[in-house]
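Enquirer: Could you build all of it, start to finish, from the sequences and the hints given here?
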Amino acid sequence: MSSYFDYFCTHIEKNSDTIRGTCNSMCPDEEVILREREDLVHVLEVLGPIRKYVKSYSRSAADTNIAKPNLLRPYSVLIDTLHYLLLEVTKRREVSSVMVYDFVNDRLRAIRQDMTIQRLPPEQCVKLLEPMIRFYVYYGYKFSNLPTKGFDSDLNKKYLLECIKWFLSCIDTMDLSTNRNIDLLSDFISNLNIKNVRRYTLGYDRVLMECLYILCNLDDVHPLYRYLKFSKDLKSDPRLNLAFKIAIANMKGNYIKIFKSMNTLCPLSYCALCTYLPVLQRKALLTLAHAYNSKKFVVPIEVITRWLRLSSNGDTIKVCSHYGIKTEGNNILFNKGEFKTDAFLHQTSLEDDTMKHLDLSIDNIFTYSS
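In full-length UniProt numbering, the protein residues as written are 1 to 370.
Below, simulated DSS-like cross-link-like pairs (lysine-lysine); rule was C-alpha separation at most 27 Å, straight line: (1) K295 to K283; (2) K235 to K127; (3) K245 to K260; (4) K283 to K356; (5) K257 to K283; (6) K260 to K318; (7) K318 to K296; (8) K252 to K336; (9) K336 to K283; (10) K283 to K158.
Pairwise CB distance ranges (calculated): (11) G324 to N241: 36 to 42 Å; (12) N241 to Y84: 31 to 37 Å; (13) K245 to K157: 20 to 26 Å.
Derived from the structure by calculation, the hints contain no laboratory data. Just so it is clear, CB atoms sit at the ideal spot from N, CA and C, and this is done for glycine as well.
Expert: In C-alpha cells:
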C-alpha cells in the first residue's frame, strides 16, 4: 500500500474538485452505529458512563467508499481530535502504555487518511503533522527497551518518517514563492547590524522538525543535503546547526563528540538521538578497540562510562562483556581481535542522571517550542 505522503504528492497538484468533509464529530455516525452493534468499542473510548468515539483507521476495499463527505472530518474537527488524542488519551493510566500507543496510533492514521482524501492544503497539513511527529519520536524513545512483541520500533519509524517527509514537502511548497528573497533579506538585516530583531516564526516549530529529520536519519546523507540548501538565516539557527554537527560527527566516526553534544539538546531531539545510542555505543567500542588495542594498556571503566554516556560502571561491564571486551578489576583491556562483530545489538538503559533537567512529560512534549 502506498503511503499517504506519496498519494498526497501525486494528487495535490491536480486541479480536480476536492472533497470536503461534513462530519462534525470525532467519529462518523455510521461508524458509531456499526461499532456498537458489533461490540467494537475500545476501552479508551469509555469514560465511566460516557463514550467518546474516535474514528478508526479503515483500509479501503473494492466494495467500500471511504470518500463520502459524511465520513470525513474537516480540518477544524481533525485538529480538535488530535488535541484530544495527544493531550488527554495519552494520559490514561487504566491500561498499559502500549495499548494507549496502539489506540492513538490507529486514530492518527485515520486522521492522515482524512487529510489525504480531502487533499487539505499544506498550511493545514503542517499543523496536523507536527504533533504526530512528536508522538512517534517520543514513543520511539519511551518504548526503545521493550521487547519486539510489545512494540514494533520499525513500524513506528516508518510512520515517523512518513509524517516528517510529508511535513517537509508541505513546508517546501509553502516556501516556494518566498525562498528567492530570504537570503537577500538576511544579508540586508545583517548589514544593518541590528541586535535582538524578532524573527518571523510560523505557528509550528519548523526548526525542531528539521532537527528531527536529521537526527532520525543519522546514516542518511539526504537530510544533510537539505540542510546545505537552507537559507543563511535558517542554517545559522543554533539548534539546527547542532543537529547538523552531530550528523557530521557520526559520518566521521567521532562518537564521543556526539555523546557530549547530547547535553545541549531539547527534549525531543534528545529522544530522537537516544534511540541511536546502542548503535553509537557499539561503534564507539569498536573504534576504541582498535585505538587502544594492547595486551597491557588498560582504560579505567569510569572513563568509558563517561565517554559513552552509559548509566553506570555496571552497565559498562555488561556491554563490554557482550562484545567480547575483557575487564580487569576497574579497568578495561581492549583487544580488536576479540571484539564480537557478529554479536546482536546490546540494548542499554536510557536512564541518564545528567539529563534530569529535561521535561519529558506529556504536556511538555506535545506543546513546547524549542
